[in-house]
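Keeping the supplied structure of chain P fixed, place chains V and E upon it in accordance with the hints.
The primary structure of each chain is shown beneath.
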Amino acid sequence: MDKKESQEYLGTPNLMNLPFNWSAGPYLGRWLVELRDNGKLWASRCPKCQRLLLPPRIICGICYVRAPEWPDWVELSGKGKLIEWEKVEAPQMNPSTGKIEPEPYIHGNILLDEGVSFQHYLEEQDVTKLAERARVEVVLKPKHERKGLVTDILYFRLVKE
Amino acid sequence: MANRVAIIGVGQTYHTSKRPDVCIPELCNEAIRAALEDAQLTIKDIDAVVMGNMELFEGRYHQDLWQADYVGAYHKSGFRVTTGGTTGGTLACTAFFCAASGLYDVIMAVTFEKQSEGDSRAGLKTVADPIWDRWISTGAIGTFARLGSWYMKTFGATEEHAALVRLKADRNACLNPHAHLKLHLKTVEDVLKSEMLVPPLRRLDMCPTSEGACVIIVASEKKAKKLSRKPVWVKDWVEVHNETRYNRGDPVSLENLEKAALTIYKRNGITNPRRDISMAEIYEPATWAELVWSEAFLFCEKGESYKLIERGVTERDGEFPVNPSGGVIATNPIGATGLIRVAEAALQLRGDAGPHQVSREVKRTFTTAWGGSSWTVAHLLSKSLD
Amino acid sequence: MSRKVSIVAVAQTEYEKAKPAWREAEITYQVVEKLLQETGLSFAEDGTGIDATVTCSSDHWDGRTLSNIPHGEVAGSHLRAEEKVSSDGINAVIYAYLQILSGHYDTVLVVATCKESQTVGYIIENFAFDPAYQQKIGLDFLAAAALQANRYIHKYGITPEQRARVVVKNRGNAKNNPYAQLRKPVSIKDVLNSPVLAHPIKLLEVKPVSDGACGLILAVEEKARKLTRTPVWIAGMGQCYESHYLGDRDLAECDALSLAAKDAYRQAGITDPLRQIDLAEISEYYSYQELLWSEGLGFCHKGNGGKLIEKGVTELGGNLPVNPSGGVLSGNPILVAGTARVAEVALQLMGKAGARQVPKAKTGLAHGTYGPCGQHHAVLLLRA
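Chains as they are written, first to last, in this note's numbering: chain P, 1 to 161; chain V, 1 to 386; chain E, 1 to 384.
Hint data in this document are derived by calculation from the structure and do not stem from the laboratory. Think of the CB as a built atom: it goes at the ideal place given N, C-alpha and C, for glycine as much as any other residue. A portion of the hints provided could be inaccurate.
As the list claims (entries may be wrong) - Heads up, incomplete: computed chain P residues facing chain V, CB under 10 Å, no partners named:
| hint | residue |
| --- | --- |
| 1 | Tyr9 |
| 2 | Met16 |
| 3 | Gly25 |
| 4 | Leu28 |
| 5 | Arg57 |
| 6 | Glu86 |
| 7 | Val88 |
| 8 | Ser96 |
| 9 | Ser117 |
| 10 | His120 |
| 11 | Tyr121 |
| 12 | Leu149 |
| 13 | Val150 |
| 14 | Leu154 |
In isolation and in its complexed conformation, chain P is listed as follows (with noise of 0.2 Å):
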């Protein structure tokens, strides 16, 4: 063996986490407060096309006008019908913690009878029971776990109408 061919290739692991707490700032913040102290969903809407933004947020990126602020709101019903899921069965890293959760979960993407999609789990597990166009209903936790994150929404369930 010549001696390139012995070279042992070394790595340098690094497993360092870099913390963040970002800022919700006055749209997404004041969604998550009203999710985690009234139960309320919100979107905002564009002044120009008219288009629910969800989340809030400081401009229509499209029309390029600013957003009303809380109230001038349109409150959302939390009900609405599947368009698509997805059954995520590898193991995923949660984002926040960098650690793997195995579990598999269904996600689903919801349009709100308001006209405006949104994505979350689903309750339902079993994919043979989801079918495009079913209704269902938005799902929190209950007040006293609320956090004022996205995850105070426990869920979408399917409901018989």
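Using the frame of chain P, we list chains V and E on its own:
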């Protein structure tokens, strides 16, 4: 319209899934040596070095700092530009801007990715808004699965058509000395028996995770004529970004791709792309993307692209070759991927692509990069200056 | 080079130790909104609007792959050209300058944003070093700066008082700058008595943690003349990398800066910077850097940075005022620092610098740097 510039050298490493034998700057150094040799220049001829990659993938902060000595940027000018998946395509634009500015004569663009050194899946997850939807984000596979099922449902294409795209890519990749995956696939069945990820997307419908680097050398008109026997002229370039895509109501968003293509065609008098352009190297991270995006780039009418692949139009020896290099489906070192499209097109225009040189004469090429929330960069290169 | 390029408008947020009320992109928007209002420009694509956007942010500081997604959105990137320069913000300005010179665009918006308060900077800086060689020994930019300060002191006899004078001058200037974060003057004694962070660098000799944004609009001559009565012309530009490994460099020298300045001076016809330049805004992340960078820029001979400040040359009333805004030491975020230097020089040349105005300022110099011990330098020469 901008001052005229030309590509006077290109270089790539070979691409593979892991290069434990080199550190990142050494990997880049391989590519710059290849590019300098190709251009018959030395590092002394270079005025500025511009660099880019996926910022968080290998974790390095201001990666250009560590790289500077290894890529010959010591005591030279330079920029670091990063725009996610489009980085390679954007870096070509950066070099074009620099050369056309009149302030620099010869510029080198250096791009790479060394994905085994970080967690690319985590890197892609953090594209999502940290407060709003990062916790639920699953990355690119879902996007291309939706694209495939939409295309099948809307136009009657089948999984076999996606498999034909893979077969074409693999045939081309097997001829390309730099390509990563060379699978020697024989039949549609070889593709269809690969593992299903999210229906209808199979493992062989997706690009691999690659490591490698790509470099181009760009010069002003005056300098290019002086230094290069085969300059490849840059006709135009365009970049199209967009707002954050929070709501996935529409599974197929083509407006960025369409606008990029239309803008560049309109400005350059291209009315029939398949006639007015000789070939394309497009950024297609999945087979379905090549089918749907070929339509967005107006290579054919809507719903027609699967017929192009059936008829062999986009093959290396076809009427309008698409990705004769094997494309992104075969090789994807993300930060470099967009620049590889430009480098490969330049080789084809020069007639220097070797075993994967296309059969027809190449006069004009269309290249793209894709990333972010469907961001698109496009370039038009030409054999002649006029 | 046939085109002339001008800065037509600048905007800054107030720089603060934290802006907990706002998301990063909302801070960016505060600046963009001001620029649009001031110029009356829109993102129209008929040739009357802004043609392209250059953002400057960092995936590391924002904790997000593709940090330019939210920043671009509030800076008009929808179905338009946007690029992110991920280094010090002065390079974003230079990038826009090159874009316009190239003839590809006529009007470009530049905006740099950083919210340092939301994460831990020294961890990020540690990720700039070679992972197998210098990262593992825990270097950050402060530790590297301390090595540089010691070498500079040792080689040229720079005194603690001379370094302290930089802080006293800049903090004194900052009281006149409504955007500055630290507006309370300090004395030499305050600086000398502040705690040591990394020997010999003391707390008051280091830039504070800061949040904020700064933006500019650049335009080609024909358009600039219609947009403003006080155009500020870019007269020269230079940029240069230094070696990465600290052991490869004599840290008491800054050759890369001298090379960058040489290019900029040649383009602008500057042969005697001390006499021909009316003011300079230079990036001193640590006190000693203003002295060392002054040498690199040719404001004095090598090793004479300390004497330069002792003689009062760089004071507000001096021959060549340096950092009349209060400089980076008075509080600018990383990345934004270089953009803010350009904006402050532009304000001076427009005659809009208020209480910090340098009288009859016609030619100004802006300097930006990033990397350990100033590994990359950039210099812009501006003229009224």
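Problem set entry | Broken hints, by number | 14
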